[in-house]
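All chains should be built: construct the whole structure from the sequences, respecting the hints.
Residue strings, one per chain:
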Amino acid sequence: MAFIDVKNIKKHFQLKKGVRGKGKVLKAVDDVSFKVEKDSVFAIVGESGCGKSTLARILVRLIEPTSGTVSFNGEDLFNLKRTALKKFRRSVQIIFQDPYASLNPRMRVYSTISEPMKIHRIVPSGDLKERVAELLTSVGLTPDMMDKYPHEFSGGQRQRICIARALSLSPEMIVADEPLSSLDVSIQAQIINLLQDLKQKHHLSFIFISHDLNVVHYFSDMVAVMYLGRIMELADTDELFERPLHPYTELLLKSAPKIGVKNRSKHVSNRMNATEIPSPVDIPDGCLFYTRCPKRFDACNRIIPQLKKFEGHSVRCLLYS
Amino acid sequence: MTLLDVRELSVGFSSLYSSIKVISDLSIHVDHGEVFGLVGESGCGKSLTAYSIMGLLPENAYAEGAVFFKDKNLLEIDREELRKLRGKDISMVFQEPMTSLNPVLKVGYQIAEVFMAHYGTSKKEALSRAVELMKAVRIPSSELRVNEYPHQMSGGMRQRIMIAMAIACRPSLLIADEPTTALDVTIQAEILQLIRNLKDEDNMSVLFITHDLGIVSEITDRVGVMYAGRIVESATVSNILNSPRHPYTMGLLDSLPTVKGKPLKPIPGNVPRPEDLPEGCRFSDRCRFAMSDCHDVEPELAEAAPGHLARCIRAGESLWHS
Ligand SMILES: Nc1ncnc2c1ncn2[C@@H]1O[C@H](COP(=O)(O)OP(=O)(O)OP(=O)(O)O)[C@@H](O)[C@H]1O
Ligand SMILES: Nc1ncnc2c1ncn2[C@@H]1O[C@H](COP(=O)(O)OP(=O)(O)OP(=O)(O)O)[C@@H](O)[C@H]1O
Ligand SMILES: [Mg+2]
Ligand SMILES: [Mg+2]
Chain A
1 MAFIDVKNIK KHFQLKKGVR GKGKVLKAVD DVSFKVEKDS VFAIVGESGC
51 GKSTLARILV RLIEPTSGTV SFNGEDLFNL KRTALKKFRR SVQIIFQDPY
101 ASLNPRMRVY STISEPMKIH RIVPSGDLKE RVAELLTSVG LTPDMMDKYP
151 HEFSGGQRQR ICIARALSLS PEMIVADEPL SSLDVSIQAQ IINLLQDLKQ
201 KHHLSFIFIS HDLNVVHYFS DMVAVMYLGR IMELADTDEL FERPLHPYTE
251 LLLKSAPKIG VKNRSKHVSN RMNATEIPSP VDIPDGCLFY TRCPKRFDAC
301 NRIIPQLKKF EGHSVRCLLY S
Chain B
1 MTLLDVRELS VGFSSLYSSI KVISDLSIHV DHGEVFGLVG ESGCGKSLTA
51 YSIMGLLPEN AYAEGAVFFK DKNLLEIDRE ELRKLRGKDI SMVFQEPMTS
101 LNPVLKVGYQ IAEVFMAHYG TSKKEALSRA VELMKAVRIP SSELRVNEYP
151 HQMSGGMRQR IMIAMAIACR PSLLIADEPT TALDVTIQAE ILQLIRNLKD
201 EDNMSVLFIT HDLGIVSEIT DRVGVMYAGR IVESATVSNI LNSPRHPYTM
251 GLLDSLPTVK GKPLKPIPGN VPRPEDLPEG CRFSDRCRFA MSDCHDVEPE
301 LAEAAPGHLA RCIRAGESLW HS
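Residue numbers (our numbering), protein chains in the order written: chain A, 1 to 321; chain B, 1 to 322.
If you're looking for bench data, these hints aren't it; they were derived computationally from the structure. Among these hints, one or two may not hold up.
Unchecked claim - A short, non-exhaustive set of chain A residues, derived as facing chain B with CB atoms under 10 angstroms:
#, residue
1, A2
2, Q159
3, I187
4, P257
5, I259
6, M272
For glycine and all other residues, C-beta sits at the position ideal for the given N, C-alpha and C.
The structure is reproduced here in structure tokens:
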């Protein structure tokens with residue numbers, strides 16, 4: 001039994017009726033399935049707007065999917081009874097993409113981090129201060145900062161407050177949505193070392209959403225590549241980085257910025273080969289990646305490819321069927 | 001020719017009980033058509049430097065020194081004049097989109113407002129220009145999504161709405177504070193290309209704040225490295241990345257992930273708090289090259305090689321390995 005089992009999740013948003021009549025449906029997440037094993041890091045990468053954060057919110061039960069199921073330790077996440085739900089709320093934490101919006105501006109850092117520990121009564125109240133100090137130190141902040149309010153911090157400091165809060169309940173899993181995006185590379189390295197340590201010693205698992213492909217390569221065990229709400233390829237991390245199969249994965253990996261490379265932008269803009277930008281409101285017929293694919297052929301804009309096993313990968317592309 | 005000249009800028013916070021300086025005597029300049037990169041430890045003062053230029057420091061902050069834009073000292077001109085410059089001649093992409101987007105206004109209207117405010121453009125015309133800009137920043141179904149509210153957009157789409165607002169008036173100076181953190185690498189590349197085109201077409205200057213050294217390498221001409229409120233090194237981008245002279249810069253380059261399975265090597269220790277900076281060099285307590293002199297006097301920012309400034313008494317030695 002997998003630790004997390006995601007089956008056929010869809011999330012469709014009904015857009016308001018425009019001036020010209022009918023309201024459209026936006027397919028943010030469309031039929032996504034995957035499993036996450038214990039003690040592992042499952043990374044999700046993909047184009048901005050492809051549905052990663054929406055999926056993250058579903059996985060921690062902040063929003064309900066349009067259809068599909070998620071099971072957590074074998075239990076249906078959307079049918080958990082009171083005590084089981086309370087346990088879930090404690091064992092699964094989320095780090096939001098936008099730290100500023102996820103911190104209460106009127107709450108000092110001490111309360112922000114200690115509140116969840118109080119609710120779940122996991123630390124005797126006499127020890128709370130010490131525990132908060134310890135958590136702040138572990139993310140490279142200082143204990144005196146617990147008396148401050150969110151607006152008194154820098155962007156990267158706020159992001160680390162959110163990481164400290166997620167760690168406070170010693171969860172079994174963290175859904176981390178771009179958790180390191182505002183951190184300099186030294187602090188980033190410090191935090192990755194910390195997370196890796198927690199993974200080994202406390203069997204912490206992660207769903208790790210990131211645009212930083214170097215970090216994904218270094219930190220994750222499995223990667224899912226999403227495009228317009230769907231998984232296009234899913235494979236073991238090393239395998240995916242060494243031998244990307246889907247043309248989108250290939251394009252993505254080739255497009256990462258690198259020290260010493262000056263003209264990436266120009267090349268990528270040319271490679272994207274897109275006059276029209278594909279939209280989750282107007283899903284193209286056939287393959288979702290058709291409009292931009294350098295390897296497309298005739299059948300690609302007619303036949304919808306399914307996610308199929310191919311040499312250890314799962315890949316949604318007619319080249320591999 | 002210099003467009004922006006920041007001279008000995010110091011920024012601090014004062015309260016009833018204390019006064020804490022978080023930026024000390026920072027001097028940088030950005031030339032016409034140049035991209036100047038600002039990098040440095042989280043919390044070292046990059047965003048506050050940007051706010052000082054924009055005249056958007058928090059109420060309880062003070063700024064000393066001078067910020068010359070063309071021939072005006074932005075720290076001294078009156079609010080009305082600054083308000084006219086802001087969003088038109090100088091604009092900024094904020095690090096956290098939700099701090100600058102209005103949650104109850106449609107995104108298209110927020111972009112359109114920039115035109116209406118600075119040029120008195122009609123609402124209809126401004127809205128159609130907003131759609132054009134949304135297309136330029138690669139937002140799909142722009143005609144439809146111009147009517148959405150910020151919460152209906154993804155993190156990276158919000159970031160791009162803010163970029164659209166910032167470039168709307170084709171400013172002469174763009175301050176971009178971590179503008180692409182929520183973008184995947186392909187859209188990121190397209191946005192950088194858009195910025196580069198504006199630079200080539202309009203001779204726009206950019207102050208580009210980022211933690212991503214790959215992006216630094218790709219888009220900047222010169223770079224300033226900050227540590228604990230000070231510039232510790234500044235040089236051309238290739239000198240900074242290939243032959244750094246300050247041990248902090250070296251430490252950053254050494255922290256990048258390399259081989260999987262090998263623990264990463266962050267710079268040991270933590271950034272000092274502005275309240276208790278170490279004696280001598282501010283980096284001395286974390287520096288693997290520190291000598292006893294380093295703990296006594298703080299070094300000046302001095303020329304270590306032609307055009308290459310570093311605040312380190314050992315900057316002349318060859319400490320960097322590669
Ligand atoms: N409440 C909502 N109402 C309408 N549309 C929404 C809503 N929430 C998200 N969307 C849309 O769903 C799509 C997926 O958004 P999501 O935030 O999941 O993307 P993402 O992959 O996290 O992108 P990014 O990398 O930019 O953060 C986007 O087109 C977004 O505009
Ligand atoms: N309103 C405020 N009141 C008190 N201190 C503040 C305030 N805003 C920022 N600071 C402090 O000033 C310092 C510099 O903050 P700034 O936001 O400029 O950092 P930064 O270099 O942009 O960091 P990051 O890379 O994390 O965004 C930080 O240590 C921060 O805690
Ligand atoms: Mg997101
Ligand atoms: Mg900042």
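Hints and how they fare:
{"no.": "1", "hint": "A2", "verdict": "violated, 24 angstroms"}
{"no.": "2", "hint": "Q159", "verdict": "holds, 8 angstroms"}
{"no.": "3", "hint": "I187", "verdict": "holds, 5 angstroms"}
{"no.": "4", "hint": "P257", "verdict": "holds, 3 angstroms"}
{"no.": "5", "hint": "I259", "verdict": "holds, 5 angstroms"}
{"no.": "6", "hint": "M272", "verdict": "holds, 6 angstroms"}
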